[in-house]
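Enquirer: Spelled out from the first residue to the last, the chains are:
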Amino acid sequence: NAGVMQNPRHLVRRRGQEARLRCSPMKGHSHVYWYRQLPEEGLKFMVYLQKENIIDESGMPKERFSAEFPKEGPSILRIQQVVRGDSAAYFCASSPISYNEQFFGPGTRLTVL
Amino acid sequence: QQQVKQSPQSLIVQKGGISIINCAYENTAFDYFPWYQQFPGKGPALLIAIRPDVSEKKEGRFTISFNKSAKQFSLHIMDSQPGDSATYFCAASKTGTASKLTFGTGTRLQVTL
Chain V
1 NAGVMQNPRH
11 LVRRRGQEAR
21 LRCSPMKGHS
31 HVYWYRQLPE
41 EGLKFMVYLQ
51 KENIIDESGM
61 PKERFSAEFP
71 KEGPSILRIQ
81 QVVRGDSAAY
91 FCASSPISYN
101 EQFFGPGTRL
111 TVL
Chain U
1 QQQVKQSPQS
11 LIVQKGGISI
21 INCAYENTAF
31 DYFPWYQQFP
41 GKGPALLIAI
51 RPDVSEKKEG
61 RFTISFNKSA
71 KQFSLHIMDS
81 QPGDSATYFC
91 AASKTGTASK
101 LTFGTGTRLQ
111 VTL
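Residue numbers (my numbering), protein chains in the order written: chain V, 1 to 113; chain U, 1 to 113.
Listed next, the in silico DSBU-like pairs over lysine-lysine satisfying Cα-Cα at most 30 Å (straight line):
hint: 1; chain 1: V; residue 1: 27; chain 2: U; residue 2: 94
hint: 2; chain 1: V; residue 1: 71; chain 2: U; residue 2: 42
hint: 3; chain 1: V; residue 1: 51; chain 2: V; residue 2: 62
hint: 4; chain 1: U; residue 1: 57; chain 2: U; residue 2: 68
hint: 5; chain 1: V; residue 1: 62; chain 2: U; residue 2: 5
hint: 6; chain 1: U; residue 1: 15; chain 2: U; residue 2: 58
hint: 7; chain 1: U; residue 1: 94; chain 2: U; residue 2: 58
hint: 8; chain 1: V; residue 1: 27; chain 2: U; residue 2: 58
Here are a few chain U residues that sit away from chain V, every Cβ distance over 12 Å (derived from the structure):
hint: 9; residue: 8
hint: 10; residue: 16
hint: 11; residue: 17
hint: 12; residue: 28
hint: 13; residue: 56
hint: 14; residue: 79
hint: 15; residue: 81
hint: 16; residue: 83
hint: 17; residue: 85
hint: 18; residue: 110
hint: 19; residue: 111
These are calculated hints, taken from the structure and not from any lab test. Even for Gly, the Cβ is constructed at its ideal location relative to N, Cα and C.
Only chain V is shown next, with the shape it has when bound in the complex (with noise of 0.2 Å):
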């Protein structure tokens, strides 16, 4: 049973460019959410999805950050015009219905120069 998948795992960007990340839940999973981990911190929410709805995307920057979980495919994570301060490494989670326990993924490494 493959856990959360997430690609790349180390994305170099220059700045304003487009960053995309991809998460593949659990098998069974429903439920995505994506956290984002700046250097010695803790993961902040970004945004909680299921397919084809966002449920949550109260930890969001309200610009250039966008995320989709469509009906068939990966859940993607989108930045545009990437900026430094965007360079962290983002963490995808899966649950499946109804629990609360997240299963979280390797997670993609954002450098942005």
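Keeping the supplied structure of chain V fixed, place chain U upon it in accordance with the hints.
Expert: This is chain U only, laid out in the frame that chain V set:
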């Protein structure tokens, strides 16, 4: 506003000793409290979790103690081993439909020989 406060920031324990990490929360609606273990370059891994209907939960060498009236909970690692050296995060969320986790700032544990 930080809703989950974690201490200490770092901890050094001798092999065989007891590691204790403490967390305090503010939001009385929280009723699910997991602990995650994170190794460098990896995603957080669910270690153990507790709900407020019990005051203690033990799994192997790991124990969570929960004090609802004080709004505090702690992780005890008995017989600490060098392999336990990692960063530990407490978190909290509301139960019911799957919801976002609010994390503490983390404790970096080092177990020495």
